[in-house]
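Novice: Protein sequence lines correspond, in order, to chains E and D.
Quick note: the first sequence uses numbering that gives the first Met the number 0, first residue 0, plus one each step.
Quick note: the second sequence uses numbering that gives the first Met the number 0, first residue 0, plus one each step.
Don't read these hints as lab results, they were simulated from the structure.
Don't take every hint at face value.
What the hints assert, rightly or not - If we take Cβ atoms under 10 angstroms as the criterion, some of the chain E residues that face chain D in the derived model are:
hint : residue
1    : I91
2    : L95
3    : P98
4    : V102
5    : A106
6    : Y122
7    : V126
8    : A129
9    : Q140
10   : L243
11   : S245
12   : I248
13   : I284
14   : D286
15   : F303
16   : F306
What the hints assert, rightly or not - Residues from chain E that face chain D, not an exhaustive set, calculated with beta carbons under 8 angstroms:
hint : residue
17   : H22
18   : R23
19   : V24
20   : A124
21   : F178
22   : C179
23   : G301
Predicted model only: the values in this text are computed from it and were never measured.
C-beta: ideal position from N, C-alpha, C; glycine also.
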Amino acid sequence: MTTRTMTLDKTKTPALFEAIRRHRVLATILFLFVLPWLTPNYSVAAHILIFGLYALGFNLIFGYMGMLSFGHSAFLGIGAYTAGILIAQHAITWWLAIPAAIVVSAAGALVIGALAIRTRGIYFAMVTLALSQCVYFLIYQMPASGGENGLRGVNVPEVNLFGLTIDVLDPINKYYFFFCFVAISLWLISRILASPFGHAIQAIRENETRTRACGFNVENTKLITFVLSGAFCGLAGALNGINLSSVAIETLHYETSGLVVMICLLGGMGTFFGPIVGALLFLLIQDVFSLWTEHWQLYVGGIFIFFVLFFPKGVWGTILEKLHVD
Amino acid sequence: MDGFMLQLLGLQLFTGVALGAIYVLMAVGLSLIFGMLTVVNFAHGAFFMVGAYVGYLLYQYVPNFWICLVAVPVLTGLIGIVVERYLVRPLYGRGIDYPLLLTFGLGYVMVEVIRIIFGKQGLPVSTPDALQGAVDVFVGPFPLYRLFVIGVAVVVLLILWLFIERTSFGLIIRAGARDPMIVRVLGVDISRVWLVVFAIGTGIAGLAGYLSAPMQGIAPEMGTNVLIVAFVVTVVGGMGSLTGAIVAGLLIGIVESLAAFMYPEASKVSMFIIMALVLLVRPMGLFGRAGLMS
């Protein structure tokens with residue numbers, strides 16, 4: 000039954016979706032390029048961009064490797080605080096502060112990952128959650144972080160590149176400044192996934208024992224993926240700090256880890272476009288509902304439960320499934 | 000001076016045991032639910048919080064601490080029954096992550112519902128008259144209420160132990176944890192057993208919330224931290240092991256309060272250091288069985 004419908008429908012895959020699947024980086028970049036004109040305002044678009052990147056990084060671990068981490072706020076936070084402290088307190092330029100944020104959050108991911116990948120399944124979610132809480136307390140107590148008040152003055156007023164000065168305070172310029180980072184990340188993630196290493200990641204999701212039996216070093220693959228994931232989330236954190244000109248301690252909160260899980264599931268885990276769709280939906284829902292009620296979390300939680308029960312593949316995953324696109 | 004230090008240390012040890020008692024109650028419920036249903040209840044902290052608020056609400060109508068003490072776990076357990084029956088049950092057989100995600104979303108909703116009903120601000124809860132004051136515990140005066148919390152935890156654990164080890168329903172629970180398929184083949188309606196276990200676990204969480212209310216007040220976010228501690232305790236003790244939950248809960252409670260006394264900055268982080276050490280040496284936890292997670 001299933002094989003028959005599959006083969007019949009295979010030929011009917013709409014050309015548009017086929018094209019999106021084949022040129023996934025280009026399609027995503029094009030979509031993000033026009034995004035500011037599709038959203039109510041530019042700041043929502045920038046939010047979608049940054050949280051889309053956060054979810055893209057998270058999707059490497061959750062969607063492609065099949066390990067549910069509940070501690071990714073740690074990397075978003077480490078990235079945001081590293082870039083924030085360097086920019087606000089040491090007056091270091093953005094093109095040094097952002098790479099530093101990526102490196103430091105990757106190092107954080109190495110430490111947390113080395114501990115967490117010793118566990119599997121459910122344990123992994125609990126251990127990453129606990130360790131990210133540990134990061135929360137550590138950064139909270141650090142004098143440079145500003146504790147409860149967070150970090151202020153993370154200002155990048157203008158960007159000088161190849162003799163060109165761009166005013167980043169202008170929301171649309173700011174959006175395209177971030178867009179460049181996200182575009183490069185998208186390309187990198189696509190290359191990682193298409194590489195033999197990327198196939199090893201997905202093989203672990205499908206059958207860890209068999210992957211090991213095939214001679215792959217499962218532990219190393221897991222750790223490297225975790226570090227890569229942490230690095231992309233760190234970049235998202237640094238961009239978020241610059242976007243808001245501040246870093247709040249809530250960045251490191253348990254709910255920020257949960258947020259990215261929700262975004263990923265809502266959009267479609269393990270799909271390339273899913274995290275962006277998820278971020279778009281989540282932040283639009285939040286934007287619309289928070290105008291109307293202060294209890295938007297109730298609706299977000301309700302929608303999330305609904306998706307877990309009835310559409311576990313998420314919006315994009317369900318669309319792909321209905322169209323029989325792999 | 001030395002004697003004085005020793006006395007402070009002893010009192011801090013007692014405080015740690017009282018703190019650990021709450022952790023143990025949380026971890027036991029979490030572990031019980033996981034051991035039977037292979038569901039990690041991310042809403043466990045929310046049930047803890049709901050227990051505290053149910054107790055607060057009930058006390059307005061029935062101003063008797065003891066009646067509430069019995070009624071709160073029953074009412075929280077009833078909420079647990081509804082959740083298991085209508086939300087968790089459709090997800091059995093769909094992989095281990097989905098119930099976890101569902102309960103996570105549920106925790107979100109429960110916290111927000113409490114915020115709508117009771118407001119965002121925390122509320123103070125007074126200690127019942129009969130349990131105010133302090134008693135001498137060899138090393139010095141210790142708050143009676145905290146001693147009472149330790150007592151309640153011991154009684155609850157004893158009842159739970161007797162229920163699981165000495166009753167025929169407990170036998171079914173133990174059998175179901177080992178092999179639900181065989182139990183079903185033998186003609187037991189296992190889903191009914193799961194319902195009861197979920198209710199017991201969430202009921203105990205509600206009781207823990209009610210008990211800790213006079214010590215820390217109540218707030219919609221009060222469950223988050225406790226949930227994370229309960230996770231740490233189950234990881235340290237070993238998932239699905241009641242002995243592990245008890246030993247690790249007490250250990251972490253004691254270490255946390257001793258660290259608060261000797262080196263306050265490390266107090267919050269101490270439990271994570273213990274967890275990291277245990278993970279390095281015994282990834283399955285102190286009393287966990289290898290292979291349970293795979």
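Novice: All hints are to be evaluated individually against the structure, with a verdict given for each.
Specialist: Each hint, compared with the structure:
Look at E:I91: its Cβ only gets to about 28 angstroms from chain D, farther than 10 angstroms, so that hint breaks. Proximity of E:L95 to chain D is violated relative to the hint, the smallest CB-CB distance being about 30 angstroms (cut-off 10 angstroms). For E:P98, the interface hint is violated, the least distance from its beta-carbon to any beta-carbon of chain D being 28 angstroms, above 10 angstroms. Given the 10 angstroms rule on beta carbons, the hint for E:V102 is violated: about 23 angstroms separates it from the nearest Cβ of chain D.
For the restraint placing E:A106 at the interface with chain D, the shortest Cβ-Cβ distance is roughly 16 angstroms, beyond the 10 angstroms limit, so the hint is violated. Nearest Cβ of chain D to the Cβ of E:Y122: about 5 angstroms, under the 10 angstroms cut. The hint holds. Restraint check, E:V126 versus chain D: the minimum CB separation of about 6 angstroms is within 10 angstroms; hint holds. With its C-beta approaching chain D no nearer than about 5 angstroms, E:A129 sits inside the 10 angstroms limit, and its interface hint holds.
Contact between E:Q140 and chain D, as hinted, is supported at the beta carbon level, the nearest pair being about 6 angstroms apart and thus within 10 angstroms. At its closest, the beta carbon of E:L243 sits 23 angstroms from a beta carbon of chain D; the interface hint therefore is violated under the 10 angstroms criterion. A least Cβ separation of about 22 angstroms between E:S245 and chain D goes past the 10 angstroms threshold, and the interface hint is therefore violated. Restraint check, E:I248 versus chain D: the minimum CB separation of about 14 angstroms is more than 10 angstroms; hint violated.
At its closest, the beta carbon of E:I284 sits 13 angstroms from a beta carbon of chain D; the interface hint therefore is violated under the 10 angstroms criterion. Given hint, E:D286 at the interface with chain D, is violated; its Cβ is 17 angstroms from that chain's nearest Cβ, farther than 10 angstroms. With a least beta-carbon distance of about 4 angstroms to chain D, the hint placing E:F303 at the interface is held under the 10 angstroms criterion. Among the interface hints, the one on E:F306 holds; its C-beta lies about 8 angstroms from the nearest C-beta in chain D, closer than the 10 angstroms criterion.
Residue-level restraint check for E:H22 is violated (minimum Cβ-Cβ distance to chain D is 31 angstroms; threshold 8 angstroms). Annotation: E:R23 was flagged as interfacial toward chain D, and the flag is violated, the nearest CB pair being 25 angstroms apart, outside 8 angstroms. Against a cut-off of 8 angstroms between C-beta atoms, the interface hint on E:V24 is violated, since the closest Cβ of chain D lies about 28 angstroms away. Satisfaction of the interface hint for E:A124 is found here, the shortest Cβ-Cβ separation to chain D being roughly 6 angstroms, below the 8 angstroms cut-off.
Given the 8 angstroms rule on beta carbons, the hint for E:F178 is violated: about 30 angstroms separates it from the nearest Cβ of chain D. Hint on E:C179 is violated. Least Cβ distance to chain D is approximately 33 angstroms, over the 8 angstroms limit. Because the closest C-beta pair between E:G301 and chain D is about 6 angstroms apart, less than 8 angstroms, the hint holds.
In the structure shown, a violation is registered for the earlier hints numbered 1, 2, 3, 4, 5, 10, 11, 12, 13, 14, 17, 18, 19, 21 and 22, in ascending order.
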